[in-house]
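Enquirer: Use the sequences and the hints to build the structure in full.
Protein chains in written order, with our numbering: chain Y, 1 to 368; chain X, 1 to 98.
I should point out that these hints are in silico values taken from the structure, not numbers from a laboratory. None of these values were measured; they are calculated from a predicted model. Don't be surprised by glycine CBs; every beta carbon is placed ideally from N, CA and C. Any given hint might turn out to be false.
Here are the simulated distance ranges between beta carbons [unchecked claim]:
{"id": "1", "chain 1": "Y", "residue 1": "Ser100", "chain 2": "X", "residue 2": "Arg19", "range": "35 to 43 Å"}
{"id": "2", "chain 1": "Y", "residue 1": "Pro311", "chain 2": "X", "residue 2": "Arg24", "range": "44 to 52 Å"}
{"id": "3", "chain 1": "X", "residue 1": "Arg19", "chain 2": "Y", "residue 2": "Gly158", "range": "18 to 26 Å"}
{"id": "4", "chain 1": "Y", "residue 1": "Ser181", "chain 2": "X", "residue 2": "Ala15", "range": "31 to 39 Å"}
{"id": "5", "chain 1": "Y", "residue 1": "Glu268", "chain 2": "X", "residue 2": "Gly41", "range": "31 to 39 Å"}
{"id": "6", "chain 1": "Y", "residue 1": "Asp306", "chain 2": "X", "residue 2": "Ala15", "range": "31 to 39 Å"}
{"id": "7", "chain 1": "X", "residue 1": "Gly41", "chain 2": "Y", "residue 2": "Ser100", "range": "44 to 52 Å"}
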Amino acid sequence: MKYLDEYRDEALAQALLDRIRRVQKRPWMLMEVCGGQTHSIVRYGVDDLLPKEIELVHGPGCPVCVTPLELIDKAHAIASRSDVIFCSFGDMLRVPGSESDLLTVRSRGADVRVVYSPLECLKIARSHPDRQVVFFAIGFETTAPANAMLVSRARQEGIDNISVLVSHVLVPPALEAILDSPVNRVQGFLGPGHVCAIMGYREYEAISARYKVPIVITGFEPSDLLEGVLMAVTQLEEGRAEVENQYARVVTRDGNGAAQGLVSSVFEVCERKWRGVGPIPQSGYRLREEFENFDAERRFEVGAIDTQEPPVCISGEVLRGIKKPHDCPAFGTDCTPAHPLGATMVSSEGACAAYYLYGRHHKATTKG
Amino acid sequence: MCLGIPGQVVSLEEAGGLRMGKVRFGQILREACLEYVPEVGEGDYVIVHAGFAISRVNEEEAARTYQLLEEMGQLQELDPDDAEVGGSEDTSAGGEPH
Ligand code: SF4
Chain Y
1 MKYLDEYRDE
11 ALAQALLDRI
21 RRVQKRPWML
31 MEVCGGQTHS
41 IVRYGVDDLL
51 PKEIELVHGP
61 GCPVCVTPLE
71 LIDKAHAIAS
81 RSDVIFCSFG
91 DMLRVPGSES
101 DLLTVRSRGA
111 DVRVVYSPLE
121 CLKIARSHPD
131 RQVVFFAIGF
141 ETTAPANAML
151 VSRARQEGID
161 NISVLVSHVL
171 VPPALEAILD
181 SPVNRVQGFL
191 GPGHVCAIMG
201 YREYEAISAR
211 YKVPIVITGF
221 EPSDLLEGVL
231 MAVTQLEEGR
241 AEVENQYARV
251 VTRDGNGAAQ
261 GLVSSVFEVC
271 ERKWRGVGPI
281 PQSGYRLREE
291 FENFDAERRF
301 EVGAIDTQEP
311 PVCISGEVLR
321 GIKKPHDCPA
331 FGTDCTPAHP
341 LGATMVSSEG
351 ACAAYYLYGR
361 HHKATTKG
Chain X
1 MCLGIPGQVV
11 SLEEAGGLRM
21 GKVRFGQILR
31 EACLEYVPEV
41 GEGDYVIVHA
51 GFAISRVNEE
61 EAARTYQLLE
71 EMGQLQELDP
81 DDAEVGGSED
91 TSAGGEPH
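Expert: Structure follows, in structure tokens:
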């Protein structure tokens with residue numbers, strides 16, 4: 001069976017698949033929320049192993065993919081300043097803005113640095129007191145504690161040549177937006193394991209109850225994903241709609257209290273725009289007023305930005321599970337990881353990049 | 001981006017006013033901030049994301065999947081090839097994602 005022997009636990013995967021086959025009676029459509037899960041599913045062919053009647057569609061949980069174009073363009077404008085050292089997670093470097101990407105900006109002479117942890121910015125700022133260090137603080141709830149700690153330490157240590165360009169998004173409002181859509185086809189979710197490691201899953205209980213949709217908080221290993229599918233399909237077949245926790249080795253119902261505490265002392269909830277999707281109310285974080293000195297958008301007057309998205313790109317529909325990458329006419333032709341037109345072709349967690357990387361160039365290779 | 005890698009805390013230290021630690025991922029040792037996992041000590045497994053430990057890996061829960069396997073192994077007696085994978089060694093780490 002395709003890829004099955006690559007599985008860490010071949011026997012476990014096989015047993016889970018058998019059980020899924022026994023439980024499943026009707027066709028179901030599930031969405032895995034997190035881009036890390038998408039990557040695992042496509043890499044290991046998890047969706048190809050499932051019965052034909054179970055379709056997995058890919059969710060919006062790729063922070064690099066949903067960071068709005070305006071902010072990418074702003075990042076480029078700020079990074080281009082000669083007084084700035086612009087720091088970012090590596091994933092952001094090749095994300096296309098209206099004109100170019102951060103790599104190109106760097107090749108034109110900008111000081112753009114990749115950091116693994118936001119805390120590295122503290123060191124950089126201390127050793128360059130004459131420069132402005134700007135960190136591109138993107139991410140979902142998983143990354144918010146790391147980014148919040150940077151801001152909190154910068155203030156505590158009085159390092160004032162640091163600022164952050166914030167583009168933080170939250171998962172639950174995006175799920176509601178998907179469920180509210182008249183074209184929604186998703187009947188159950190594999191919830192985002194590491195987001196819930198921070199936030200717990202109480203918020204998801206409200207969504208599950210309101211929309212009568214099963215949500216199974218799921219890990220990232222192929223066998224985690226198969227077990228998540230089994231749990232979700234079992235609920236659907238039995239007519240239940242609850243939150244269940246497949247990833248209990250990492251996730252608890254209440255999440256990480258220490259992390260939530262610091263995050264809510266630094267950030268507050270606000271409306272955010274999602275690339276390809278548009279604005280979603282209460283779907284992100286911005287800095288609280290006490291920390292506005294550290295807001296790069298205030299510190300640097302960037303001026304009006306006129307964004308332009310390639311009209312061919314359907315990444316917004318891909319991110320909402322309405323379409324799949326090979327439904328896009330540019331997929332694999334005009335748009336490839338070497339020349340991405342949209343952000344979902346850049347990040348390895350983006351569905352377009354994952355499909356390209358693992359050879360899904362034709363519709364026939366997947367179920368549709 | 002929400003990639004979280006399981007590793008084992010091998011030492012604790014205080015640096016820049018923060019609780020830090022060395023975490024082993026297979027052959028690689030890396031520094032991680034442990035501020036968000038105050039309950040974690042040397043020898044514990046954690047999930048690390050962007051240089052921060054975000055959660056302790058619950059070893060009993062990690063073993064659960066393997067119990068499930070054993071249970072199902074019994075359901076699968078007819079297929080002896082599947083029966084032998086019982087408790088592989090790195091259960092508590094939850095395996096290393098890519
Ligand atoms: S293949 Fe490229 S152009 Fe098409 S949706 Fe994906 S990122 Fe956009």
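Enquirer: Run every hint past the structure and note whether it holds.
Expert: Hint by hint, here is what the structure shows:
no., hint, in the structure
1, Ser100/Y with Arg19/X: 35 to 43 Å, "holds (40 Å)"
2, Pro311/Y with Arg24/X: 44 to 52 Å, "holds (49 Å)"
3, Arg19/X with Gly158/Y: 18 to 26 Å, "holds (21 Å)"
4, Ser181/Y with Ala15/X: 31 to 39 Å, "violated (47 Å)"
5, Glu268/Y with Gly41/X: 31 to 39 Å, "holds (34 Å)"
6, Asp306/Y with Ala15/X: 31 to 39 Å, "violated (44 Å)"
7, Gly41/X with Ser100/Y: 44 to 52 Å, "holds (47 Å)"
Going through the hint list in order, the structure does not satisfy hints 4, 6.
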